[in-house]
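Participant: So the chains spell out like this:
There are 2 protein chains.
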Amino acid sequence: MCELLAMSANTPTDLCFSFTGLRQRGGGAGPHRDGWGVAFYEGRGVRVFHDPEPSASSRIAEVLETHPIKSEAAICHIRQANVGRVALENTHPFIRELRGRYWTFAHNGQIEGFRARPGIYEPVGDTDSEHIFCDLLNGIRAELAPDVGLDTLLAELVTRAGSYAQRGVCNLLVSNGDWLFTFCSTRMTAITRRAPFGPARLKDADVTVDFEPETTPRDIVSVIATEALTSDERWDDYLPGEWRLWRQGEVYASGRVPVPDLAHPTATPTI
Amino acid sequence: MCELLAMSANTPTDLCFSFTGLRQRGGGAGPHRDGWGVAFYEGRGVRVFHDPEPSASSRIAEVLETHPIKSEAAICHIRQANVGRVALENTHPFIRELRGRYWTFAHNGQIEGFRARPGIYEPVGDTDSEHIFCDLLNGIRAELAPDVGLDTLLAELVTRAGSYAQRGVCNLLVSNGDWLFTFCSTRMTAITRRAPFGPARLKDADVTVDFEPETTPRDIVSVIATEALTSDERWDDYLPGEWRLWRQGEVYASGRVPVPDLAHPTATPTI
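The listed protein sequences derive, respectively, from chains A and B. The first sequence begins at 18 in our numbering and counts up one residue at a time. The second sequence begins at 18 in our numbering and counts up one residue at a time.
I should point out that these hints are in silico values taken from the structure, not numbers from a laboratory. Incorrect hints may appear among the rest.
Chain copies aren't distinguished; within one or between two, either way the pair holds.
[As the list claims (entries may be wrong)] Below, a list of computed lysine to aspartate or glutamate pairs in the DMTMM-like style, where the Cα atoms sit at most 25 Å apart:
(1) K87 <-> E244
(2) K220 <-> E79
(3) K220 <-> E231
(4) K87 <-> E129
(5) K87 <-> E250
(6) K220 <-> D143
(7) K87 <-> E70
(8) K87 <-> D143
(9) K87 <-> D164
(10) K87 <-> D227
(11) K220 <-> E267
(12) K87 <-> D278
(13) K220 <-> D164
(14) K220 <-> E173
Start from the sequences, fold in the hints, and give me the full structure.
Facilitator: If you want it as structure tokens, here you go:
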């Protein structure tokens, strides 16, 4: 399994603190040694960093931990390979341009044997995750008009994410910089920080930060992750099948669809 | 105008030495203060670094100068904005996936008012350069079958580059990781290094490197740039309209098409 991290904020905010915690799980405190990547949106632009090295020992990751890149939407992933060898082309987040926007995508889980429907978007690597992303984009392009509104697009994202989750574990992060779509198949949690800001302590590293001096009273910053990153704050767990669309640090819309209980599979029945 | 740099090699090679020289032109020795970017291919995968900051003072650029990322094909660009504001989305190299490969693109020059033909690929930013890239990809997708061979693809690249160069200055670097296509509209030069390797001295920084201890006798590494990066080697200038397709460090094919002499425009006639 992999670990996901995302951020949505109403003001450009860096991800250094959360990334410091997550990074330790990439070969330090955790088993996710098979590469990592992060996408930071700045307006319509996006910077994507990919590294097939473990994040805990990566030189580029070290720089990102201390060099604040300010963003209103970000997606991060550290990988424990199950499908697809350890290689740069299999490192999330994946990126494609759709209708004049860069879309990025990260996946935690596994859908065995998944293949994207034929279409314009084709996988470069050989992960099920990149196939799911291409399938999603090919579906959107096939079904939706270019000028479709966000609510229609969101309905399509929910339907498709729900159908993927019928076939396997499929925790998803998708963003186009304007919004961040999050879907929980088995495991996801979130926290929204707003005034009055206080200190927080990482679970995975001996680091405490006080957000107060770095923020203004109107700032709203939400962090979404596979597992809580801090030990002294209250994180809000998603339920299986729950989705939330984040914009400017807040939930714009949310809901839940039925999914198989893959986190707690039914015990083999005894006869 | 901007500055271009590319590399083609038959063994994974880092770009640190050349990048050190080019980087100085981004706000140090040169006027190209409006961002920079680089794409490094590793097999089918690619790492792209973009930064709207001047390369001479960029923290990420500093890391790339000292942290060797080994690649068989790389494209780099430092920007002096003419069309399109200084913003992340206007920073080269641009990237798109075409038929299961990541294509990257960097442009030096200007084609006033250029707009991409309508198609699947749409610009995210507002530079003429990104419009040219999208036009190129839309053209390839419209005209060529998915399984077309390299020679047919190359003919299409040459035709399109030649037609762009009729409309303005259009020095181009295009790669899909397997090959590197270079087109000179006004200014481009190259050097191929092979055994016996020796030392070389940068023009823009007080740095000398001896390639000999870092190479094997079978290594072949070519560097292509807007202007020679070293002062003690013999660079091979392109002629206007000249194109070369590089593969594994060597010229796979080359040729020349007629282009207007934009480097030496005709003087205004006197009556």
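Participant: Any hints from earlier that this structure breaks? Give me their numbers in increasing order, please.
Facilitator: 4, 6, 9, 12, 13, 14
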